[in-house]
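Given the structure of chain X, go ahead and fit chain Y onto it with the hints provided.
Heads up: the protein sequence lines correspond to chains X and Y, in order.
Residues in the first sequence are numbered consecutively from 1, following the working numbering.
Residues in the second sequence are numbered consecutively from 1, following the working numbering.
Hints are not guaranteed to be accurate.
The list treats identical chains as interchangeable, and a pair is accepted whether it falls inside one copy or across any two copies.
[As the list claims (entries may be wrong)] Computed list of lysine to aspartate or glutamate pairs in EDC-like fashion (alpha-carbon distance at most 16 angstroms, straight line): (1) K170 / D196; (2) K299 / D192; (3) K172 / E290; (4) K299 / D191; (5) K108 / E90; (6) K170 / E290; (7) K303 / D191; (8) K303 / D192; (9) K108 / D36; (10) K172 / D196.
The set of hints was computed from the structure by calculation and includes no laboratory data.
There are 2 protein chains.
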Amino acid sequence: MTALLNRQIVLARRPAGVPVPGDFRIVESTVPDIQDGEVLIRHAYLGLAPAARLRMSETRSYRDPLALGDVVYGQGCGVVVQSRKPGFEEGDAVMSISGGWQDYSVSKGAGLDRIDTAVAPPTVWLGALGTSGMTAWIGLLQIGRARPGDTVVVSAASGGVGSVVGQIAKLKGCRAVGIAGGEAKVRHVVDDLGFDACVDYRAPGFADALQRACPGGIDVYFENVGGAVRDAVWPLMNTQGRIVVCGLIAEYNDGQLAGPGWFQILAKRLELRGFIMSDHASLRPEFVAEMGAWYAAGKITVKEDISHGLEAVVPAFIGMLQGRNFGKTIVAL
Amino acid sequence: MTALLNRQIVLARRPAGVPVPGDFRIVESTVPDIQDGEVLIRHAYLGLAPAARLRMSETRSYRDPLALGDVVYGQGCGVVVQSRKPGFEEGDAVMSISGGWQDYSVSKGAGLDRIDTAVAPPTVWLGALGTSGMTAWIGLLQIGRARPGDTVVVSAASGGVGSVVGQIAKLKGCRAVGIAGGEAKVRHVVDDLGFDACVDYRAPGFADALQRACPGGIDVYFENVGGAVRDAVWPLMNTQGRIVVCGLIAEYNDGQLAGPGWFQILAKRLELRGFIMSDHASLRPEFVAEMGAWYAAGKITVKEDISHGLEAVVPAFIGMLQGRNFGKTIVAL
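Just chain X, with the same shape it has in the complex (with noise of 0.2 angstroms):
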């Protein structure tokens, strides 16, 4: 085979806030023979997605982050010009999550998929069905747990995987709402994908704005930007509500990732969740049971922290929110 040419834009330097074009650099180089068990693809698409940032901080997100020098990472699709894996034959219209800001890209095969180009164009296979699609499909509906009946607010709604939250909630009988920046994308939201209504969030009023486009309160908030965004939405959110932690653009260009763990939050893959235990009660016998025998076995140790007569509750109460009291309180009387 010929020796083939490849361009590569590669981390030049690490982005400061948002990135600026000095950020990266093109490196031509020729496109190495492939290894048994290996694919060569020739991209003719690639995705970009806002979390690509993240790799380029020096600081560890979900994924290690790229070195100077390292190919950008991103999705790319394209057609594969020669084989070594079985499964994969020259000819094969494949997406590869891991293809690179490049021309042709190696892969041995994880996160390789063949694409139906029968099914939908290839650029489709990068979006409403490849990852942007699948994210919006998992976060709303397993992460989400969006039910018919339910008001789905999405922030970005405009983009890759907001565009795709919104339609899905709309196919599952909830109520769509979205969050967009200016008047084109807003518009674009309700009268192309079919939101119930779309919110733009740098129009003065927004947070009132979102309330009226919520008169049932929020559900399910699908998270993809963070930062101000956020700050109109929760006051609005439902009892018993979830918010999927998807990203957040708008924290992303921050050095440090501040805030209240949010990022944590996204890169660990966090579960956080309030509750009431009144909201359980039924739970109450199977509970009364365990704990009992549990008790009576000897297994449960009790301290209490005893004070006499209506006179001590207030300051036994006083005392506790203090973290004075040691073992449970309890007033005799």
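Chain Y in isolation, oriented as in the chain X frame:
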């Protein structure tokens, strides 16, 4: 029946910050005659819980605020002295979740349970076998989904809820690490309650000590206090860890229960969950089937923001981070 005297602790004034004795007042009244369907209980013990502080503020939390002059909300256990409700008889030992800070209470039966003092003495029915214990049990097992081998960290570890959380964690095969204030509590948590470790949040080097106590990171954090204690926990959370938001004692005395929505998480029982699509890659066939069918049926509208040529990648990426893209960002090579 001779008229009985009832002493009640009522809210005289809304506390500013930590309550002071003058925020409360004891009033005396005659116990009213009960009606059909009601039970009169003489309280032997009251169980105090920090959440009572919430109802003293004017802002609604997850329950309505007390009005000035209302009896303070709280649990009581005692004996039925008169019953006009089937299922309860004079002499029955009972616990009332809403008995209030008073000598006698009248109940229609909601949150009123008979207790078996052969299983445990009445005070334990206010603690490990009462709402404190059930809160611990629900929170750790249902909400936190603690599994054998997990490291469970609980704040306010010597308190009514925390002491039970750690003991259940041990019974379920977890590593239990407490956080408590002062040497005596720390010793009690390890020596008497059997936690694997306990760290003093008031001691210098608290964050480092917590890290040493959790060499494998934290899988479940049972949050009882909020504030600065939480800040030491966050960086130690493991991937796919669970944070059970049960209480925020350190923040209850703030006028506004500020912070990044933490109080909202509790009051509204919200669930926040970060996710990354690749954790769910095994669902791809199901996704492609459903989304492919929607796309083929024309139910998914796609808008692509396509640039051309490798040189266009960096400008397109920068534009996307600034919100200048319109639709899924793709570069055709």
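Evaluation of the provided hints:
In this assembly of identical chains, K170 and D196 lie within 16 angstroms of each other by CA distance solely inside one copy; the values are 8 angstroms within and 50 angstroms between copies. In this homomeric assembly, K299 and D192 come within 16 angstroms of each other (Cα to Cα) only across copies, at 11 angstroms, whereas the closest approach inside a single copy is 62 angstroms. Only between protomers do K172 and E290 lie at most 16 angstroms apart by alpha-carbon distance; the minimum there is 12 angstroms, versus 40 angstroms within a single protomer. In this assembly of identical chains, the alpha carbons of K299 and D191 lie at most 16 angstroms apart only when taken from different copies (14 angstroms versus 63 angstroms within one copy).
Taking CA atoms no more than 16 angstroms apart as the test, K108 paired with E90 passes inside one copy only; the shortest distance there is 15 angstroms, against 77 angstroms between copies. When the C-alpha separation of K170 and E290 is checked against a cutoff of 16 angstroms, the pair qualifies only between copies, where the shortest distance is 14 angstroms, while the shortest distance within a copy is 44 angstroms. For the identical chains of this complex, K303 and D191 are inter-copy neighbours only, at 12 angstroms across copies versus 63 angstroms inside a copy, given an alpha-carbon limit of 16 angstroms. For the identical chains of this complex, K303 and D192 are inter-copy neighbours only, at 9 angstroms across copies versus 63 angstroms inside a copy, given an alpha-carbon limit of 16 angstroms.
In the homo-oligomer, the alpha carbons of K108 and D36 lie at most 16 angstroms apart inside one protomer (9 angstroms), although the nearest pairing across protomers, at 77 angstroms, exceeds that limit. In this assembly of identical chains, K172 and D196 lie within 16 angstroms of each other by CA distance solely inside one copy; the values are 13 angstroms within and 47 angstroms between copies.
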